[in-house]
Amino acid sequence: MEYTIPEHEYLRQQKKFPSVWCAGCGIGTVLGAIIRAVRALNLSKDKVAMISGIGCTGRMPVYVDFNTMHTTHGRALAFATGLKLARPDMEVIVVMGDGDAVAIGGNHFIHAARRNIELTAIVVNNRIYGMTGGQLSPTTPIGDRATTAPYGQIEQTFDIAKIAEAAGAAFVARSTTYHAIELDRLIASGIQKKGFSVIDVLTQCPVGYGQLNQAGDAVEMLKWFRDNTTSARGKAPSGKIVRGVLVDRDLPGYVESYRKVITASKRGART
Amino acid sequence: MQGNLAIAEGALAGGIGFFASYPITPANEIATFLSRALPKRDGVFIQMEDEIASLSAVIGASVGGIKAATATSGPGFSLMQESIGYAAAVEIPCVIIDVQRAGPSTGMPGGPAQGDVMQARWGTHGDHPIIVLCPSSVRESYELTIHAFNLSELYRTPVILLTDEVIARMSETVEMPLPQVKVIDRLHPEVPPEWYFPYDNAEGDVPPLISFGHGYRYHITGLFHDKSGFPTSRPDEIDAWQERLFLKIDGNVQQIARIEEEEMADAEMVIVAYGSTARSARHAMRQARAANKAVGLLRLVTLWPFHDAAIERIALFAKRIVVPEMNRGQILREVERASQGKTEVVGVNRADGQMVTPAQIMAALEA
Chain A
1 MEYTIPEHEY
11 LRQQKKFPSV
21 WCAGCGIGTV
31 LGAIIRAVRA
41 LNLSKDKVAM
51 ISGIGCTGRM
61 PVYVDFNTMH
71 TTHGRALAFA
81 TGLKLARPDM
91 EVIVVMGDGD
101 AVAIGGNHFI
111 HAARRNIELT
121 AIVVNNRIYG
131 MTGGQLSPTT
141 PIGDRATTAP
151 YGQIEQTFDI
161 AKIAEAAGAA
171 FVARSTTYHA
181 IELDRLIASG
191 IQKKGFSVID
201 VLTQCPVGYG
211 QLNQAGDAVE
221 MLKWFRDNTT
231 SARGKAPSGK
241 IVRGVLVDRD
251 LPGYVESYRK
261 VITASKRGAR
271 T
Chain B
1 MQGNLAIAEG
11 ALAGGIGFFA
21 SYPITPANEI
31 ATFLSRALPK
41 RDGVFIQMED
51 EIASLSAVIG
61 ASVGGIKAAT
71 ATSGPGFSLM
81 QESIGYAAAV
91 EIPCVIIDVQ
101 RAGPSTGMPG
111 GPAQGDVMQA
121 RWGTHGDHPI
131 IVLCPSSVRE
141 SYELTIHAFN
151 LSELYRTPVI
161 LLTDEVIARM
171 SETVEMPLPQ
181 VKVIDRLHPE
191 VPPEWYFPYD
201 NAEGDVPPLI
211 SFGHGYRYHI
221 TGLFHDKSGF
231 PTSRPDEIDA
241 WQERLFLKID
251 GNVQQIARIE
261 EEEMADAEMV
271 IVAYGSTARS
281 ARHAMRQARA
291 ANKAVGLLRL
301 VTLWPFHDAA
311 IERIALFAKR
321 IVVPEMNRGQ
331 ILREVERASQ
341 GKTEVVGVNR
351 ADGQMVTPAQ
361 IMAALEA
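Protein chains in written order, with the working numbering: chain A, 1 to 271; chain B, 1 to 367.
Honestly, the hints are just simulated from the structure, not real lab data.
Built from N, CA and C at the ideal position, the CB exists for glycine as well.
It is possible that some hints are incorrect.
Said to hold, decoys possible - Some chain A residues judged to face chain B by a derived CB distance under 10 Å, without partners named:
hint: 1; residue: Gln14
hint: 2; residue: Asp65
hint: 3; residue: Lys84
hint: 4; residue: Asn228
Just chain A, with the same shape it has in the complex (with noise of 0.2 Å):
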């Protein structure tokens, strides 16, 4: 018997692999995820687009048979506001690298969480520059090197998490590529819940992160992510990075909200 994988009737046949990521990446474990939760929830591939910016992870939806776009460095969310408003109907997943997200991208990404419009924003977080060669990213952890941190990291971390429940999302969850069955859960959740998602994934970047910081393979770095994190339905022990669902409540979508502005519009009142 021919032993085939789910995963294979949703990427492009005619794309080439293998891909553009280096040997070890993370990233294709989190699109492996992307594909499980889509094909779980069982979403016509008609009516998913995926949607990113700028990056190694820029790279991941010419590979996936969606409705594919990838746009300029940071703006992934502002070109699926557009797309969501025009195609409510369809479910847009944005994907997102640390630096494209929370750097450059950082103002859309508060902004979209602001006002919790239906997208699934999934942050494939390596903490480094992956493509453009080891450059820290606001994720970058103190002290950590990079090519342009080669004395150390001095900057304050942000915590992707922490921001988008700051920032108004409904749906915050964070996960590893060790985890990825959680990962798979998580982002069929995102999906499916109502307003803004963020799942951040701590993912591995054996080139440009592991090796400035003696972080080891990609195996290595996938063992550190077993031992540093720890569930979040657990008592989380100190210093550990806490996995799981983080921020789930119910707070009225942006396409949702809109219906009430044509509504009152048409009546001629305020909302």
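Dock chain B against chain A, hints included.
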């Protein structure tokens, strides 16, 4: 009616369903009007966090199949440049309204200018074609806004409506009801999804475009791409795509570029003008005619693609071409280039937030 309102009315008549913008003087009235009018038509108005997000959202909405536009002024227009290049490269229709104000930098927010002529043409990085329209009256603001939507759909390109503070904020009597102008929609593919290539050069200058969500699951990228939309670094594919990208605009200059001529039959001197400056130019021309001077007016309605042929023609008979502009000579150089040294070309320039006066133009005619 005010010029900015005429633009907003033109957008509605042109079929707009999505408008995103960020507040900026002197373009605000467009957003204010559309924030009221669009929801009534089931359309979307959204105030974005900045101009970059505004145009990005506009492009996203257009990918979703809805006609979309934004409006801004100089500083915001500068922020939009990267996205303009993206829209040109991925061939997604959209309309950008730039109400020019005096610059550079914050300049004079309420002062008129025409300083964005070259920014509209070359503001984004890399070679790309663009269409830029320039109204000279309130009524024309309405008509050209509809035309901007039509051209963007017809040629799958961003179109810039380059107006200025004077035209946008003055009020003129406009005959009501406003004229019905034919609305053009993008060409949709007639082939099944497996045969559809959104950038197929074999489909002519402008391949059909289908929006997301209709079973044609294709890829859009700002990287150089092949006919499928997938990234490519093959020079043969890139060259063929770039050739078509330029040909669809440069090969249709006669269809796209509009000019308007007045008193040209016996003209010995010609004023070449556009936007609000064309109004000063018309005044100067009439004064000159009253003084028995054979002066004609060539008004550029379309700035880009530049109507070389019109300038070449007048350079053959005009003893002098006078080009008044509220900048330091942006179209002047284009006129010099197109006239190929066959006649004298004189600029009348100011960039201090004040209109070029008829007296200044008269002085250049008489000098």
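Structure-based check of all given hints:
{"no.": "1", "hint": "Gln14", "verdict": "holds, 7 Å"}
{"no.": "2", "hint": "Asp65", "verdict": "holds, 6 Å"}
{"no.": "3", "hint": "Lys84", "verdict": "holds, 8 Å"}
{"no.": "4", "hint": "Asn228", "verdict": "violated, 34 Å"}
Violated hint for the displayed structure: number 4, the only one.
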